[in-house]
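*Asks:* With chain A's structure known, arrange chain B with the ligands on it following the hints.
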Amino acid sequence: MSETKLPLYGDLADPTPKISVRGLDFFYGNHQALYANDLDIAPNRVTAVIGPSGCGKSTHLRVYNRIFELYRDQQAKGEVLLNGESIFAPSVKLLELRRRIGMIFQKPTPFPMSVYENVAYGIRLHYTVAKSELDGRVEEALKGAALWEEVRDLLNRPGTALSGGQQQRLCIARAIAVEPEVLLMDEPTSAIDPIATAKIEELVEGLKGRYTLVIVTHNMQQAARISDFTAFFFKGYIIEFGETKQIFTNPKNKKTEEYITGRFG
Amino acid sequence: MKKASNTRRRELTDLTMRLVSGAASLIGIFFLVWILWTVAKNGLAAFNYDFFTALPTPPGIEGGGLANAIVGTLLITAMAALIGVPLGLFTGVYLAEFGKNTRFGGMVRFTINITMGIPSIIVGLFVYTLLVLPFKHFSAYAGAVSLAIIMLPVVARTTEDMLGLVPNALRESALAIGMPRWRAIVSILFRSARSGLLTGILLAVARVSGETAPLLFTAMNSPYWMKGLAEPTANLTVTIFNYAMSPFDDWKTLAWGASLLIMVTVLGVNLFARTLLREKTR
Ligand SMILES: Nc1ncnc2c1ncn2[C@@H]1O[C@H](COP(=O)(O)OP(=O)(O)OP(=O)(O)O)[C@@H](O)[C@H]1O
Ligand SMILES: [Mg+2]
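Here the protein sequences come in this chain order: A and B.
Each residue of the first sequence is one higher than the one before, counting from 121 in the numbering used here.
Each residue of the second sequence is one higher than the one before, counting from 402 in the numbering used here.
With the rest of the complex left out, here is chain A (with noise of 0.2 Å):
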């Protein structure tokens, strides 16, 4: 669709990417979803995907942590380095890699269990701790989360009895209590109020610097304030990639420009 050649951050900011991406075609049985994405992810920046419903903003996403692979009929074609090194690589090993690159979804997704085991849980998973310090690992990942103040009395009580903006702040600690390099946010505010969307924007500002963030929105107010990077993404290509400054106040291509300006989307 672009001929041009996209400019990858490489040539805006740090040298090495923490993530970057080559070649990425994704197929859904015979549909094929993402064509030839190109991306190079900035570490302990914030990076923002954008673009209209349908185009492969998530698809383009869940390739990173291979989650993808749960389904038989989905197959990705390309190639995916984290620092440097392929994220197919026959020595990676998968669980390790998903430690490493963690997921919040659309709707908050809490385990079925006391808010304590929701974020303990992947600790265990990973670690040999003693209970002592699973306990200041807890505190200090819902610390994280901006949640400890809310729930450290509540901590046995099921994670689903959280309210929804709660829950997903729930979900982002039990995410980077496994101590991750990378947090992929899958629209984490869709499903949630505007005071509860105030403070995890507050905590992405917050967790940038430590994490490396990626996050699809459909909220360009949202992209502007957050992000440091902006991927917009058409029909399965990446149409426009740049400085988060740049994309909105001097975009490019017209099909952004449409779209941030909301001619369509």
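Careful: at least some of the hints might be erroneous.
[To be verified] Okay, the calculated bits of chain A under chain B, using three or more residues with CB under 8 Å as the criterion:
| no. | stretch |
| --- | --- |
| 1 | 230 to 239 |
| 2 | 275 to 288 |
| 3 | 339 to 351 |
[As the list claims (entries may be wrong)] Chain A is faced by these chain B residues, among others (derived, beta-carbon under 8 Å):
| no. | residue |
| --- | --- |
| 4 | Gly-500 |
| 5 | Asn-502 |
| 6 | Leu-566 |
| 7 | Ala-570 |
| 8 | Leu-571 |
| 9 | Arg-572 |
| 10 | Glu-573 |
| 11 | Ser-574 |
| 12 | Leu-576 |
| 13 | Ala-577 |
| 14 | Gly-579 |
| 15 | Met-580 |
| 16 | Arg-592 |
| 17 | Ser-596 |
[Claimed, not checked] Some chain B residues judged to face chain A by a derived CB distance under 8 Å, without partners named:
| no. | residue |
| --- | --- |
| 18 | Ile-578 |
| 19 | Pro-581 |
| 20 | Ile-589 |
| 21 | Ser-593 |
Hints are computed from structural coordinates only; laboratory data are not their basis.
Where a beta carbon is used, it is the ideal one built from N, C-alpha and C, also for glycine.
*Replies:* Just chain B with the ligands now, with coordinates in the frame of chain A:
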């Protein structure tokens, strides 16, 4: 003019349908209540201390109970559950999680559905040729195996259905923190679907606890306490069959008592299972 008569006819048809279906349900309920009432009235007469604690006596001798049959039924059902529930659970897990769109999964599902429709007397006969004839004696374990075969497809089907209700998002979020597939199934999916799974197991137990035919050929019956799993074993349903056909009044009373006991247990388990399910859907 024509329109009016059409409306009239439709109203008449409507009324007839209502009357017929109403009458049909009334007849159904009438028989159900009649059965419950008859079993309760006759069965209660059998309930006394001896019924639950004593061995049966030869005809004509006063007293006697079905203690050995009660213990036998409990034991055979428990053993059947011990075999049938894990096999059923794992089959259900395979169908829901691994074999969903595979050819083999489809074959398993088809076989499960067929097995569910096999008359229980045929299952009994099958186990008879497999576990009774070669060893030349009836046994509790042969009884348990035949009941387990009946339980397996029931548990497998409910397990598949209940796991199918768990949203994919929960599956994915378990895997997304680096959980191995089997752990996601056991500690997240099972837990999420637990009341549904338990309901399926309870309904399967309730279903087999009234089965007679498969035990007739396998566990048989016995007037004594069981001496081991490889012996003919007293149980309530075959006792009902034997005693109800006998010409002795006190045996007939015991048969009514056994019927009431089974009916109450099955009813209780069903009610419990349904409250579990209601809690889940709430
Ligand atoms: N499970 C699936 N099976 C088949 N096709 C799918 C599946 N999921 C997505 N698709 C198709 O792939 C394309 C991209 O979908 P995707 O969910 O990645 O879009 P998206 O950009 O995330 O959209 P949205 O903003 O609505 O979340 C769409 O055409 C969609 O119909
Ligand atoms: Mg999406």
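*Asks:* Given Ser-596/B was flagged as interface, is its beta-carbon under 8 Å from a beta-carbon of chain A?
*Replies:* Given a least distance of 11 Å, the restraint on Ser-596/B is violated.
*Asks:* Hey, does the Gly-500/B contact hint survive, CB to chain A under 8 Å?
*Replies:* 10 Å, violated
*Asks:* Does the closest beta carbon of chain A sit nearer than 8 Å to the beta carbon of Arg-592/B?
*Replies:* 5 Å, holds
*Asks:* For the stretch 230 to 239 of chain A, count the residues whose Cβ lies under 8 Å from any Cβ of chain B; is that count three or more?
*Replies:* Holds: 3 residues of the stretch 230 to 239 of chain A have a Cβ under 8 Å from chain B.
*Asks:* Is the interface hint satisfied for Leu-566/B? The criterion is a beta-carbon contact with chain A at less than 8 Å.
*Replies:* The hint is violated - Leu-566/B has no Cβ within 8 Å of chain A, the shortest such distance being about 13 Å.
*Asks:* Using C-beta distances, would you say chain B covers the stretch 339 to 351 of chain A, given that this needs three or more residues below 8 Å?
*Replies:* violated (count 0)
*Asks:* Closer than 8 Å between Cβ atoms is the bar; does Ile-589/B clear it against chain A? Give me holds or violated.
*Replies:* 6 Å, holds
*Asks:* Does Gly-579/B pass the interface check with chain A, least Cβ-Cβ distance below 8 Å?
*Replies:* 4 Å, holds
*Asks:* Let's test the interface hint: is any C-beta of chain A closer than 8 Å to that of Ser-593/B?
*Replies:* 5 Å, holds
*Asks:* Hint validation: Leu-576/B versus chain A, beta carbon distance must be below 8 Å. Holds or violated?
*Replies:* Check passed: Cβ of Leu-576/B comes within 6 Å of chain A, closer than 8 Å.
*Asks:* How about Arg-572/B: closest beta carbon in chain A under 8 Å, or not?
*Replies:* Cβ of Arg-572/B sits 7 Å from chain A, so the hint holds.
*Asks:* Does the interface hint hold: is Glu-573/B within less than 8 Å of chain A, judged Cβ to Cβ?
*Replies:* This interface hint holds because 5 Å falls under the 8 Å limit.
Hint compliance for this structure: hints 2, 3, 4, 6, 17 are broken, all remaining hints hold.
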